[in-house]
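Engineer: Numbering (the numbering used here), first residue to last: 1 to 266.
Derived by calculation from the structure, the hints in this document are not laboratory data.
DSSO-like, lysine-lysine: derived pairs with alpha carbons at most 27 Å apart: (1) K124 to K5; (2) K226 to K201; (3) K189 to K202; (4) K5 to K144; (5) K213 to K226; (6) K124 to K266; (7) K201 to K124; (8) K226 to K189; (9) K189 to K213; (10) K213 to K266; (11) K266 to K189; (12) K266 to K202; (13) K201 to K189; (14) K144 to K124; (15) K226 to K266; (16) K202 to K226; (17) K266 to K201; (18) K202 to K124.
All of these numbers come straight from a predicted model, not from anything done at the bench.
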Amino acid sequence: MSKEKIRIGTHGEDYGNWMSNPVFYMLGALLAFSVVLTVMSFTLFRLTVLGMIFAIISILLLIMLGWITWIRRQYAFDGGGMMGRVHGTLLSYLDYDGEGSLLDVGCGSGALSIRAALTWPESKVTGIDYWGAVYGYGRAMCEKNAVSEGVGSQCIFQHGDANRLVFPDESFDAVVSNYVYHNITGADKQELLLETLRVLKKGGVFALNDEMKPRLYGDIEAFAEKLRNMGYEDVRIIDTAEEVFGSHRRAALVMLGHSRMLVGRK
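Please put together the full structure from these sequences, using the hints given.
Structural biologist: See the structure below:
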């Protein structure tokens, strides 16, 4: 199936949203609380200055909630479709023949894993995730989505930690990851990349996309050169902020201004 023709999420699947529900609801609750304090300050306590302070806070929270609502709409498969476009771009750079096995590190709701399975019907796809509570994703969700999309027998989903993958060296023919590593607090991002590449077979291919802020990743170009010196081939850094979103400014509006993808072959 052509990568360009694949469109997932059309059978009622639940893929969630990169701007998670808990964040959205928490901000809404803060706004409601601030509005209540504003009204109480003016009417009950008769504290005008305090009321003005809470009023300003309420306005700022309202603006932020509006911004986040817009971002959620841009991300949604049935909205702006940004999640789908990112996944399509990522897989388009993966020079994979579809034979063998593919690993998706941080599979979330299973969307990228499922798209990979639809793209390469002969490949066995494994998705791993820690499935923290903040996004509401889980193994059952991934498996239900895969069955609904017709690739239930092709995909395996399991709990895993990107810091210490349970797979032996050189287990997979391809590895992918999308906006995962920056969420793993306290971890050296370059070490996370190396751990992912550890389970890739010699000759296998990779496409690892993330919000690669310099303060988190250091010099990613120097890291790419390090991989070349280690024997990796065709190693490149793709500016996905430009390619997917059109400009760094537009990418920054959806909180992905440092979006970069590391691609190559082991």
